[in-house]
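This note's numbering numbers the first residue of the sequence shown as 29 and each following residue consecutively.
One or more of the hints may lead you astray.
[Unchecked claim] Derived DEER-like restraints, expressed as beta-carbon distance ranges:
#1 140 / 97: 26 to 36 Å
#2 152 / 73: 11 to 21 Å
#3 73 / 39: 15 to 25 Å
#4 66 / 113: 28 to 38 Å
#5 100 / 74: 18 to 28 Å
#6 136 / 35: 28 to 38 Å
#7 152 / 74: 17 to 27 Å
#8 78 / 33: 26 to 36 Å
#9 117 / 66: 30 to 40 Å
#10 45 / 97: 17 to 27 Å
#11 74 / 33: 12 to 22 Å
#12 90 / 37: 13 to 23 Å
#13 73 / 109: 17 to 27 Å
#14 152 / 70: 29 to 39 Å
[As the list claims (entries may be wrong)] When the alpha-carbon atoms are kept at most 30 Å apart in a straight line, the in silico BS3-like pairs for lysine-lysine are as follows:
#15 36 / 121
#16 127 / 36
#17 36 / 137
For the record, the hints were derived by calculation from the structure and aren't laboratory data. Quick caveat, the model's predicted, so the values are computed rather than measured. Heads up, the beta-carbon is just placed ideally off N, CA and C, and yes, glycines get one too.
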Amino acid sequence: MTQSHLSKTSLNQCWSEPSDLWVILNPEQNLWTEQIDPSLNLLLRRTYVRAESKAKVELTAPVLVASPPGHPAPRVLLMEDQDERGWLSAVLKIASGLKVNSVTVFPPKAWSAPSASRPGATDGMEIRWVE
């Protein structure tokens with residue numbers, strides 16, 4: 029297996045370093061949702077409103093959205109009701125199912141970057157933590 033890579037990045041670097049998947053954790057309380065990009069923000073908000081309006085859809089279910097043209101990641105995943113301890117395993121499970129090699133995570137501002145305390149958990153996947 030290839031070596032995993034967990035690194036910190038900035039919003040500006042996200043635009044110059046393409047990723048297979050962007051993940052926005054707790055989008056309703058996450059300040060990154062509004063700072064990312066106006067066209068993507070509008071798309072995410074519309075998608076979220078549509079998901080909320082469907083009677084039988086659980087809002088805790090992840091929502092996968094295709095990004096607008098020219099975006100550095102082809103897909104954006106919205107994950108609601110994540111906590112600071114359990115998000116990594118949830119993201120890894122979904123990202124593995126999507127067969128992606130790189131993930132950029134937009135966490136709520138109060139969260140700290142994860143430690144590499146689980147060796148092998150991210151084998152073959154590059155994870156970038158936006159600060």
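Going through the hints against the structure:
no.	hint	verdict
1	140 / 97: 26 to 36 Å	34 Å, holds
2	152 / 73: 11 to 21 Å	33 Å, violated
3	73 / 39: 15 to 25 Å	18 Å, holds
4	66 / 113: 28 to 38 Å	33 Å, holds
5	100 / 74: 18 to 28 Å	21 Å, holds
6	136 / 35: 28 to 38 Å	19 Å, violated
7	152 / 74: 17 to 27 Å	34 Å, violated
8	78 / 33: 26 to 36 Å	35 Å, holds
9	117 / 66: 30 to 40 Å	32 Å, holds
10	45 / 97: 17 to 27 Å	18 Å, holds
11	74 / 33: 12 to 22 Å	33 Å, violated
12	90 / 37: 13 to 23 Å	22 Å, holds
13	73 / 109: 17 to 27 Å	18 Å, holds
14	152 / 70: 29 to 39 Å	34 Å, holds
15	36 / 121	21 Å, holds
16	127 / 36	22 Å, holds
17	36 / 137	13 Å, holds
Comparing the model with each numbered hint stated earlier shows that hints 2, 6, 7 and 11 do not hold.
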